[in-house]
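J.: Sequence:
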Amino acid sequence: MTLENAPLQNLIETFRRYLELRDRSSHTVRAYLSDVRQFAAWFTKHTGEFFTLPTVTEYDVQGWRDHLMATMKPATVNRKLASLSTLYRWAGETERVEKDPTRYISGVVQQKTAPRSLSDQALRRILRQARLSGNKRDAALLELLAATGLRVSEAAGLKVGDLELGERHGWVTVRATKGKGRKQRRVPVHVKARRALWEYLGERGFEPDEPLAERAEEPLFLSQKSGGTSSYAVWYAVKKYARLAGVENVTPHTFRHTVATQLVRDPSVDLVTAATFLGHSRLDTTARYSQPSEKDLAEAADRLTG
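In the working numbering, the protein residues as written are 17 to 322.
If you are wondering where the hints come from, they were derived from the structure by calculation, not from laboratory data.
Just so you know, not all the hints are guaranteed correct.
[Unchecked claim] Taking CB as the label site, the calculated pair distances span: (1) 122 with 262: 39 to 45 Å; (2) 108 with 239: 41 to 47 Å; (3) 227 with 281: 16 to 22 Å; (4) 192 with 122: 31 to 37 Å.
Backbone N, C-alpha and C define an ideal beta-carbon position, used for all residues, glycine too.
Using the sequences and the accompanying hints, generate a full structural model.
T.: In structure tokens form, the structure reads like this:
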């Protein structure tokens, strides 16, 4: 039996392995697979045919695009189209299909705006709630995210030995767990985050003059069971203190967007430095933070009508 005639789940699992081999993040893999399932369900409902890779035409993709546009933002529609395009690029590379029905389907034109970031006031309110909680681990975690803009998986995977903390300087070494060459970068840590980290390490029994290298392989952020924390736990902590601070729609990536926006809009920081700080491999990824945000545009409109 060929893959095209196999159950959809077999196709999904094979596509999953392809994405994982290409070093896509777990979040991206889940999103892509969900998008493919959604398209397959829509295809079956609107054509009355069982979904297989070769039976999809460009008219079907166009119909799905129009269907999505009725209820979703352009960025979401484009993400789902990209998922389908990736599926068919893989299918073509592995000779599962002869034609790519997504090839000539254009994405939805969208206004370029910077990703949502936090105002200084909102960020301070969230960090204040973490500090007031008395949970030194959470306070140190959020201060580090606000200082460095680490990705959630990067923060969760840190070990004690990745820190260099001095009175006048601090660095964290971010090590890639997957990917070619296992790239890493060193990111500076400002004084507030250093203090929070020392308070947390002190609670764990570290002495101020104790070399961190002696316990280098211990996870930096522990779970309640004393093992390393998870990406989910980082998400939960950020959401918890944002909710207590009365700030909506905040995730660890919002912290990353905030740091990126601060860097790019600082006239003393050049684009290459900002990209290196954030671990971006492409400068255009960093440059998008120079665009106005939706909040910036709304405030400009208020000034016009005020």
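J.: Taking the Cβ atom of residue 122 and the Cβ atom of residue 262, is their distance within the range 39 to 45 Å?
T.: holds, 41 Å
J.: So does residue 227 sit 16 to 22 Å from residue 281, Cβ to Cβ?
T.: violated, 38 Å
J.: How does the Cβ-Cβ distance of residue 192 and residue 122 compare with 31 to 37 Å: does it lie in that range?
T.: About 33 Å separates the Cβ atoms of residue 192 and residue 122, which means 31 to 37 Å holds.
J.: Does the beta carbon distance between residue 108 and residue 239 stay inside 41 to 47 Å, or does it fall outside?
T.: holds, 43 Å
Violation of the numbered hints given earlier is confined to hint 3; every other hint is satisfied by the structure.
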